[in-house]
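Chains as they are written, first to last, in the numbering used here: chain D, 1 to 409; chain L, 1 to 141.
Take the hints with a grain of salt, since some may be wrong.
Said to hold, decoys possible - Taking CB as the label site, the calculated pair distances span:
| id | chain 1 | residue 1 | chain 2 | residue 2 | range |
| --- | --- | --- | --- | --- | --- |
| 1 | D | 179 | L | 129 | 41 to 47 Å |
| 2 | D | 175 | L | 58 | 40 to 46 Å |
| 3 | L | 73 | D | 388 | 54 to 60 Å |
| 4 | L | 78 | D | 165 | 38 to 44 Å |
The set of hints was computed from the structure by calculation and includes no laboratory data. Remember, it's a predicted structure, so these values are computed and weren't measured experimentally. Positions of the beta carbon are idealized from the N, C-alpha and C atoms, including for glycine.
Spelled out, the chains give:
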Amino acid sequence: MSSGKPRWLEVALGILTGIGGFLEAGSLATAVQAGASYRFQLGWALVLGAVCLAALAEMAGRFAAISQHTVLDAIRDRFGFRFYALLAGISLFVIYLVLASELGGVALALQLATGASFRWWALLVAVVSWLALWKGSFSFIENGVGVLGLVTAAFLVAALVLHPPWGDVARGLLPSLPTEQPAHYWFTAVSIIGASISPYLVVFYSSGAIEGGWDVSHLGINRLTAGVGMSFGATVALGALIVAAMIFHPLDLQVDRYEQIALLLPEVFGRTGFWLFVASLAIACFGAGLELALSAAYTVGQGLGWRWSKDQAPAADARFSTVYTLLLPLAALPIALGLDPLKVTLFSMALTAASLPLIVLPFLVLMNDRMYVREYGNGWAGNLTVAVITLLAGVVAVVAIPLQLLGGS
Amino acid sequence: MSARWLWAGVAAGLAACGPSPPQQLGEQLGEQLERIASATRTTELTARQWGDGSLPDGYAIQMSRIAGQSLRRIARRPIWQHAPADIRDTALDHAAASAALADRLGQAARSGDRAAATGLASRSARLAAATRRLRERVSPR
């Protein structure tokens, strides 16, 4: 989203970032688990998540470009400090858990590469992430990691090489009821949606638009990058689901450890596939971890009226930098203590889905408030799509999480 | 008070709609057998891919350790005390045999003996298939 580049380069980078940045610990784990357990049947959850995410990202960019406010800044302005504080508290808790899962993903990639347990890597990963945030600019974080994340497209290539039955894949894109293990089916479905529509992306995207100096002239770029980037990104996640459906499902292999996912790509690419997976997991989770740590700092800084910008030196916005400095080691702690990264990931994704209505619905109110968005407000289709998907995901998550925790199937 | 009655009513309603206790036991045993079969399949896939050079030795060692630990954990679960004796004995035999195969894979990976991989993969495949058949007997789907 950085300014000062030719427009075509901004568009290309935005799209590449959307594709490369889509797959992270949550979307990878949930897509693979869905493919292994239910073959192509949960493809629809990915589509729903991607449509909603593209719509939300477009709205967040449009909101910032027109109103010159970030979403959180406007939520405090429009609904008052108490409401903002409640929202920020819930968001920070969810961000904390998701950040722990992303740091766990990088640590696990290092375990796969070296043989040393992920527990030993967790704090080091937190320190390297902090260094990248401390030293790197916003565009380095957004574009650099997003473009490197294109390595995750290996899943899409693998899916094409495996020649799946495309008719069955297409049927899976239409919602259907489970034939067995209903609690697990719905838990996996909401985890996929939660992994796709992370509310922190709305915070990150609108903050990025302000950091990049967006205005009305950026609306076209915004629409393109959100629509095309996120759609292709979701296709990569669909690739992971297809590969798991083709390799794990026929063997009845359940995915209960991240390490098992490393068996997918070698089936297609041999030894290179193993290293492609290690690189995909490390880069995708590292990028998402940086975005999450920054989003936490944006959440606190914008709500409390601090000076905030990733493009300023840390000394210039010391309180903003303090937030991610404290959060990163705290998030590494559960992983260093040996909490299973896959369990943390799946739980945090379902919790994200449960918290969606709380964060997305007030944002929809803002998107229809002429004081902020003037004549660029939402149409009825955008409002309806996002409201229905968000409410559905929230309600199903609230029902499915306790059932899954109680061991229901 | 009324909330407590309402909650008790909901709980009783849910219990009435759910499976009967023997069905529940069958489902729980079936789930554990599925986990045994899945861990065995993991060993099979790891052995096959490691045998053809697609995986580094270190990863095969990690996966064999994970599969072995997971199978031993399943075998220690209290649910087996409630299972019919013949099912329990067969299931625990399968878990032990599968854990032994995982250990053998770990040893082979440590010594770089890739020639052993094909045999380990095919034995794991046969064992996983047998465990699946037992699972269908316990709790047909």
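Structure-based check of all given hints:
Under the hint 41 to 47 Å, the C-beta atoms of residue 179(D) and residue 129(L), about 22 Å apart, miss the expected range. The hint said 40 to 46 Å for the Cβ distance between residue 175(D) and residue 58(L), and at roughly 42 Å that hint holds. Remark: the range hint 54 to 60 Å for residue 73(L) to residue 388(D) is contradicted by a beta-carbon distance near 42 Å. Evaluation of the 38 to 44 Å hint for residue 78(L) and residue 165(D) yields a pass: the beta carbon distance comes to about 42 Å.
The structure does not agree with the numbered hints 1 and 3 stated previously, though it agrees with the rest.
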